[in-house]
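**Student:** One letter stands for each residue in the lines below.
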Amino acid sequence: MLLLAKIGVGFMGTILVGGAIVSSEGFIHVKVNEKQTNGTHVSFIVPAMIMPLAVRFVPRHDLRDASANMQQYMPVIDAAISGLADCADGTLVEVIDSDSHVTVVKSGGSIVVDADDPGETVHVAVPLRATKATLDEIAAANGPS
Amino acid sequence: MKTALSTLALLFAAAVVAAAPPEHYLHVKVDGKNTKELVRVNVPLSLIEKIIPAINQNQFHNGRIEVGDFHTNDVDLRAILNAVSSAPDGEFVTVQKPDCNVRVAKENGQMIIHIINKEDGEKADVTVPLAVAQALASAANDHQFNVEAAIEALDRAGERTLVTITDNDETVRVWIDSQNTSD
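Protein sequence lines, in the order shown, are assigned to chains A and B.
Here the first sequence stands for residues 1 to 145, where the numbers follow my numbering.
Here the second sequence stands for residues 1 to 183, where the numbers follow my numbering.
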């Protein structure tokens, strides 16, 4: 009985620690709702930590072109992500016209894009740290394998 | 003793917070009167200050932009800006024509350009802090503008409206303040 309890505590502890590690980088949230009847509704939340890990499993030759194109922009991307991470939360861009509304907001370490038009609403939230880690992985794909 | 230390720590923290300069934001607002379009951009100047030196593309390098076709024809732009900077406030240029009015003045360390186009109903007000213009012209040669220094000078210049353009169709406003949202 005591042994079972110990195994249970170990199992729960592993799940808690694993959950904490996985969620440490935040979550990517994508939500798309098509407004027409029978329209598609997609919503998923995944740990941002898997983004750079997933890139590692992409064959390097498939990333080589993207990597080569990105190399020259990496200093700007690094500076932009670092600058965004340091600045206070707030709306960076807002575009409103007669039938659509788009916002780009920095919120709690993430960039959140919301778009609402007559056809659909889209919500995308991406943590900055995970974005940088992912882009670093892609940029590194052009190096020696 | 503990209370005294805590009070000192609190006072120190308060002093640090009070001494920290506020974050300034560059705001752009384009308001289409007839089209009902509205664009608002709010960018922290600290973000621009970090990005500008990192750009090394085409004519843009190390925070400076090459302006290949810009020739000052042996006119010392920096000397002119220094002269304007040290000149007393006043109206430098006033043009009044049936179709337009133009006014260029210096007020409180900034150049103010005011244009009214009576035919189109356009009004433009441009305010350029002289420190920003001097920083922009502070690049090593006449074919460069020092954008990095200009942005830093803009940050130091503090809250102000830089550009206001109004016509029959839309209003454009560019300004700096310490709010992270537009008005």
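Worth flagging that the hints you see were computed from the coordinates, not collected in a lab.
Hints may be right or wrong, so weigh each one.
Taking lysine-lysine and the DSBU-like style, the derived pairs with C-alpha atoms no more than 35 Å apart in a straight line are [said to hold, decoys possible]:
id, chain 1, residue 1, chain 2, residue 2
1, B, LYS118, B, LYS97
2, A, LYS132, B, LYS50
3, B, LYS33, B, LYS123
4, B, LYS97, B, LYS50
5, B, LYS29, B, LYS106
6, A, LYS31, B, LYS50
7, A, LYS31, A, LYS132
8, B, LYS118, B, LYS106
9, B, LYS33, A, LYS35
10, B, LYS29, B, LYS123
11, A, LYS35, A, LYS132
12, B, LYS36, A, LYS35
13, B, LYS97, A, LYS31
14, B, LYS123, B, LYS36
15, A, LYS132, B, LYS29
16, B, LYS118, B, LYS50
17, A, LYS31, B, LYS33
18, B, LYS118, B, LYS33
19, B, LYS123, B, LYS106
20, A, LYS35, B, LYS29
21, B, LYS33, B, LYS106
22, B, LYS36, A, LYS31
23, B, LYS118, B, LYS29
24, B, LYS118, B, LYS36
25, B, LYS29, B, LYS97
26, B, LYS36, B, LYS97
27, B, LYS123, B, LYS50
**Student:** Compare the structure with each hint and give your call.
**Tutor:** Checked hints:
Only pairs whose Cα atoms come within 35 Å are accepted, and B/LYS118 paired with B/LYS97 is accepted, the gap being roughly 9 Å. A hinted pair counts as satisfied when its Cα atoms are at most 35 Å apart, and A/LYS132 with B/LYS50 qualifies at roughly 16 Å. Using a Cα cut-off of 35 Å, the hinted pair B/LYS33 and B/LYS123 holds, with the two alpha carbons roughly 15 Å apart. At roughly 45 Å between alpha-carbon atoms, B/LYS97 and B/LYS50 are farther apart than 35 Å, so this suggested pair is violated.
Of the pairs offered as hints, the one joining B/LYS29 and B/LYS106 holds, with about 26 Å between alpha carbons and a cut-off of 35 Å not exceeded. The straight-line distance between the Cα atoms of A/LYS31 and B/LYS50 is roughly 32 Å, inside the 35 Å bound, and the hint therefore holds. Distance check on the hinted pair: A/LYS31 and A/LYS132 sit about 22 Å apart at the alpha-carbon level, within 35 Å; holds. At roughly 24 Å between alpha-carbon atoms, B/LYS118 and B/LYS106 fall within 35 Å of each other, so this suggested pair holds.
Note on B/LYS33 and A/LYS35: the hinted pairing holds, with a Cα-Cα distance of about 28 Å set against a maximum of 35 Å. Between B/LYS29 and B/LYS123, the direct Cα distance comes to roughly 16 Å. Compliance with the 35 Å bound is thereby established for this hinted pair. With a C-alpha separation of about 33 Å, the suggested pairing of A/LYS35 with A/LYS132 holds against the 35 Å cut-off. Restraint check for B/LYS36 and A/LYS35: satisfied, since their Cα atoms lie roughly 23 Å apart, inside the 35 Å limit.
Restraint check for B/LYS97 and A/LYS31: the C-alpha separation of about 57 Å exceeds 35 Å, so the hint is violated. Simply put, B/LYS123 and B/LYS36 have alpha-carbon atoms about 20 Å apart, close enough for the 35 Å limit, and the pair holds. The hinted pair formed by A/LYS132 and B/LYS29 meets the criterion: a straight-line CA distance of about 30 Å does not exceed 35 Å. For the given pair, B/LYS118 sits about 41 Å from B/LYS50 by alpha-carbon distance, which is inconsistent with the 35 Å threshold.
A hinted pair counts as satisfied when its Cα atoms are at most 35 Å apart, and A/LYS31 with B/LYS33 qualifies at roughly 32 Å. Taking the CA atoms of B/LYS118 and B/LYS33, the gap is near 19 Å; set against the 35 Å cutoff, the hint holds. At roughly 19 Å between alpha-carbon atoms, B/LYS123 and B/LYS106 fall within 35 Å of each other, so this suggested pair holds. A C-alpha spacing of about 30 Å is found between A/LYS35 and B/LYS29, which places the hinted pair at or below 35 Å, so the restraint holds.
With a C-alpha separation of about 32 Å, the suggested pairing of B/LYS33 with B/LYS106 holds against the 35 Å cut-off. Note on B/LYS36 and A/LYS31: the hinted pairing holds, with a Cα-Cα distance of about 27 Å set against a maximum of 35 Å. The suggested pairing of B/LYS118 with B/LYS29 holds, with an alpha-carbon distance near 23 Å, which does not exceed 35 Å. The hinted pair formed by B/LYS118 and B/LYS36 meets the criterion: a straight-line CA distance of about 24 Å does not exceed 35 Å.
Restraint check for B/LYS29 and B/LYS97: the C-alpha separation of about 30 Å stays at or below 35 Å, so the hint holds. For the given pair, B/LYS36 sits about 33 Å from B/LYS97 by alpha-carbon distance, which is consistent with the 35 Å threshold. Annotation: proposed proximity of B/LYS123 to B/LYS50 holds, straight-line Cα distance about 34 Å (limit 35 Å).
Violated hints for the displayed structure, listed by number in ascending order: 4, 13, 16.
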